[in-house]
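Since the structure of chain A is provided, determine the placement of chains D, Z and Y on it from the hints.
Residue numbers (my numbering), protein chains in the order written: chain A, 1 to 242; chain D, 1 to 258; chain Z, 1 to 217; chain Y, 1 to 284.
It is worth saying that the hints were derived from the structure and are not from the lab.
Cβ coordinates follow ideal geometry from the N, Cα and C atoms, glycine included.
Please note that the accuracy of each hint is not assured.
To be verified - If the Cβ cut is set under 8 Å, some of the chain Z residues that face chain Y in the computed set are:
(1) R68
(2) G72
(3) W74
(4) Y109
(5) S113
(6) S172
Stated by the list, open to error - Have a look at the derived ranges for each label pair, beta carbon to beta carbon:
(7) D:D129 <-> Y:L12: 32 to 40 Å
(8) A:L207 <-> Z:G33: 55 to 63 Å
(9) Z:V35 <-> A:K65: 19 to 27 Å
(10) Z:T93 <-> D:I7: 51 to 59 Å
Unchecked claim - With a straight-line Cα cutoff of 27 Å, these simulated DSS-like cross-link-like pairs (lysine-lysine) come out:
(11) Y:K110 <-> Y:K11
(12) Y:K119 <-> Y:K90
(13) Z:K28 <-> Y:K171
(14) A:K127 <-> Y:K90
(15) A:K127 <-> D:K257
(16) Y:K48 <-> Y:K157
(17) Z:K28 <-> Y:K177
(18) Y:K276 <-> Y:K11
(19) D:K257 <-> A:K162
(20) Y:K171 <-> Z:K37
(21) A:K127 <-> Y:K171
(22) Y:K201 <-> Y:K171
(23) Z:K37 <-> Y:K119
(24) Y:K201 <-> Y:K249
(25) Y:K48 <-> Y:K201
(26) D:K257 <-> A:K170
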Amino acid sequence: MAVDLASVVQIWLAALFTIWIYSIAFRDNVFFKFAEHTFVGAAAGHSIVYGFDNVRRYGWDPLTKGALLYVVVFLLGVILYTRYHKKYFWVSRFPLAVMVGIGIGLSMRATVTAEFIAQIQSTAAMKVLGVDAWTGFSNLIFIIIVLTVVYFFIFTLPSMHKGNLGLISKIARFGMMAAFGYSFANTVLSRFNMIFGRLDFLMSSWLPLPGAMVAMPIVLILVAYAMIPAQKRPWPKPGKTK
Amino acid sequence: MLVAGRIFALGMLIALWVFIIGCMEMAKKKLPSFRKLAGLDALPEMVGRAAEMNRPVHYTTGLGELTGTVAPQLVAGLAVLGYVSELAAKYGVKIVYSVYQAQVMPLATEIMREAYIRAGKPDAFNAEDQIRYLSGEQFAYATAVQGFAERERPAANIMIGPFYAESMMFSETFFRIGSIQLAGTARGYQIPFFAVICDYLLIGEEIYAAGAYLSKDPVQCGSIQGQDLGKLIAWILMFVGVLATVAGSSIINDLLKA
Amino acid sequence: MSLFVRRQLPIVLVFVAAVLVMADYFLKIPGTGPVVKDLQNWGIILTAFSLGFGAVNLFYLHTRHISRRTPGQWPFSTWLLLMIVVFTIVGVTMGPTGPQYSWLYNSSYFALSATVYSSLGFYMTTGCYRALRARNAEAALLLVVGAIALLRNAPAVAVGVPIIIPMEAWLSAIPTTSAQRGIMIGASLGAIALGVRTMIGRETGFLGRLTEAERRG
Amino acid sequence: MSKQGTGFWGKLEDVPREILYAILLIVFIIPMLKPVGFPVPISDAVKKWHATIDALPAGSAIMIDFGYSGGGEPELGPMAVAVYHHIFRKGGLKSITMSTSLEGPLLWDKVIAEVNPAKYGAKYGVDYIHIGYISGTETAMAAVGKDLRATTNTDYKGASLDQYPIMQGIKDASSFKLLICYTTGGDQSEGWVRQWYTPYKTPYLLSVIAMMVPTMLPYQKAGQIVSLTSGAQAGEMELLLGVPARGIKSADVITLTHLLVFAFVVMGNIAYYGRKASERARGG
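Bound conformation, chain A alone (with noise of 0.2 Å):
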């Protein structure tokens, strides 16, 4: 397999990186620390690149073009920062709403259509009768956990749960145990196939470079060592590196 040394390089970081991420579902270790702090740094890096490409796209190209305007929004967008700032923070309050402000009134004026009324009528337009048996039936029982699960979540009236109406409640919290359930197997499906994917590319993309095969005991066993508490190894003495 003829790959380039970038490539080739590529892998091996990936490959430790990977491993050592894994080491963290036995015990935590010096390994782990280093990855997960290159994983911070990462992020944090990849949002800042991003961030610099899209001011440069959407604000700086149109203003260097003409639109006066962005001049506003830079300004805006710098200031933002004085949050940091002892005495002026309370200037960068002035973009966030701005944020702030548009970020409620796109959720708003969609979430009552989207998640609240589209689905009062998509229950309501539900066939009980009409339609064979089963169908009828499992339609019954959507509606009625529908109406028991938004029932459950009343809080204000507690008159409305009392004696025998709690039983409503109790219907309730069986729909949504199911449902709860469904997801925990689904989540498990997720959780397998990203295992699989890194499992996948350790096995198909670096075991078989040279010399993978025989550096793979030594990172596990050195991640092993590192997960022996500092106290009970013999080196290093906890203080210097830990």
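Here is chains D, Z and Y on its own, set in the frame of chain A:
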């Protein structure tokens, strides 16, 4: 001037605004009463168990910032922290609060100190030992909490707030060391893990109700009451709509489409 | 500066921006369209500016570790800051999709971000073994539904035991969808209430740190 | 809360996690070394997704959001690859991509390299294009929906959009016949319903990581999403299209590991009830 097909939505939105603001105003005069929350009722038993076993209670509120969209969940978590601290002070149990957000530290200190004063044991509170800022990074915070669990083996673990991927790590670790657990979050993806592993659960919006009920804050209580009216309307519309559909009428459907 | 400018004016701005965006959707008012269009594009640029916040926060936190030589932490802090600098320099000077940046991304960030969340799969496995118990009726229901979905998600099982396919389809379409819908209706009201509280200045989280006078005001 | 027990059942309940992990890893690795080639059934959601793209008239523009992060790549990468095969093979469609996730542009590069559009005679700027990461998530969706060219005038490399024939006639959401989103985030999957489906009624195909499927189901039921698939179904899409790749490769592993987890659940419960029974027998 109105856009066809969006009229009912606008009317509904305005109605909801009126409910929410109106209830907040009303709550200033008289707080609404709340239904029982099964999760909260378990707390005295949990803290009592810790007292019997002479082991600490662990509390944490997950990630998120007081300035972000999940702030209300964090606020709810802090309100419950006050109540649990008071219980712990009364039972003479040590409660340890693991913190992810440095900005929360002063607020948490105030809340816990007041709780100890309410319990009549102001001297028993030691902020440095009981409020531990671990890290502002998700997995560093998560591993630090796990380390604490393994070392000090708390008898009870309470997690209320915005939780992310660390929910599974926490609930599994505390389960393994035998802690009795109460968890609550409004982050939908994480509720199933809590439901599977924890002994007691506050489901989704229940944490807001718990926080409002315990803090007696009129804004929070009123807001929840306003939302309840919205839920009542949704309930009635669905109920009547289903009956109308059975009767062959699409009156509710047409109304909602307006 | 007066309390009004510091505390009330931002809330007024929130209110105005939110009302404009909503008016553009619900009402036909000549002139709002172009204004909201600009406003949204401004929102994009401001968000882009705010993408540096994370790095600044980390910078504050970790320079403190470095200057105090926090045992066991400061070398990692130095490395973390170095990573931020390297990513920024390579990405900004050589382009965010250039081969150099792409190399950097694939050798570190991509591998790490793909691995970090997958490590939870291990916790889930032990969770399944130890905690997924039929302790009571609710837990038993959760377990049964979860087990059926697990089996359906194993492709070969679904082929071998075809009955599992309609069973899972029903569980997904009926109880799961309906319970999620109930939760969604409640949560949508929560989102609207949060919006209202922010618009009228009862939820001031976004203002950040409040001074003593502002808290009272 | 676990009850640390003694005796056989107690020990079985308390198997050290290292052993459970080791068994899991072995079950992962064996089928990777020796693929079995288990069969895979094709579900209705995947068929419906496929049919939706098939039914698009020639010349239709599709908006595609690469809204996932690296963590979702093993699921959503193969799905995006398979769908691109379909789009390019059908031909005559314009796929315009943007990203609401910071990692989107770089992940898109990976996917395109894997698809190799040139094989189908598809050209960048004519048949497909990437207009870049746009920050602000829902704000970005709303802005692009309202007026795409007012939001951005350059592609993801910073080249002017004017030079690309694919952008002719593309103005706003109404220029698109279909919306596709691959994502690991709720802000994205739900955001497109709120910012595109709700105001513009653009037909919406969504692929998310499996764990997000349940929360998105109500939208599908209400007709706001035409077809909802999980990235884990990428193998089914590959089979349907006859382009077996990474998605189908995972089928063996997923089958065996799921059976293992199922066995773990059963064993755990047997141990639990075994311990309870023996406790009752001993102490009552």
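Structure-based check of each hint:
1. R68: Violated, about 32 Å.
2. G72: Not OK, violated: Z:G72 not within 8 Å of chain Y, min 25 Å.
3. W74: This hint is violated: Z:W74 lies away from chain Y, its Cβ roughly 28 Å from the closest one there, beyond 8 Å.
4. Y109: Hint holds; Z:Y109 Cβ to chain Y Cβ min 7 Å, cut 8 Å.
5. S113: Holds: closest Cβ of chain Y sits about 4 Å from Z:S113, inside 8 Å.
6. S172: Nearest chain Y Cβ about 7 Å off; hint holds.
7. D:D129 <-> Y:L12: 32 to 40 Å: 39 Å, holds
8. A:L207 <-> Z:G33: 55 to 63 Å: Cβ of A:L207 to Cβ of Z:G33: about 58 Å, so the range 55 to 63 Å holds.
9. Z:V35 <-> A:K65: 19 to 27 Å: 21 Å, holds
10. Z:T93 <-> D:I7: 51 to 59 Å: 53 Å, holds
11. Y:K110 <-> Y:K11: Roughly 47 Å separates the two Cα atoms, so the pair is violated.
12. Y:K119 <-> Y:K90: 13 Å, holds
13. Z:K28 <-> Y:K171: 20 Å, holds
14. A:K127 <-> Y:K90: Given that 27 Å is the threshold and the Cα spacing comes to 38 Å, the pair is violated.
15. A:K127 <-> D:K257: 18 Å, holds
16. Y:K48 <-> Y:K157: Distance of about 34 Å is beyond 27 Å: violated.
17. Z:K28 <-> Y:K177: The given pair, whose Cα atoms are some 25 Å apart, holds under the 27 Å limit.
18. Y:K276 <-> Y:K11: Measuring from Cα to Cα gives roughly 13 Å; hence the hint holds.
19. D:K257 <-> A:K162: 36 Å, violated
20. Y:K171 <-> Z:K37: 13 Å, holds
21. A:K127 <-> Y:K171: Given pair A:K127, Y:K171 is violated - Cα atoms ~40 Å apart, limit 27 Å.
22. Y:K201 <-> Y:K171: The given pair, whose Cα atoms are some 16 Å apart, holds under the 27 Å limit.
23. Z:K37 <-> Y:K119: 40 Å, violated
24. Y:K201 <-> Y:K249: 36 Å, violated
25. Y:K48 <-> Y:K201: 18 Å, holds
26. D:K257 <-> A:K170: 33 Å, violated
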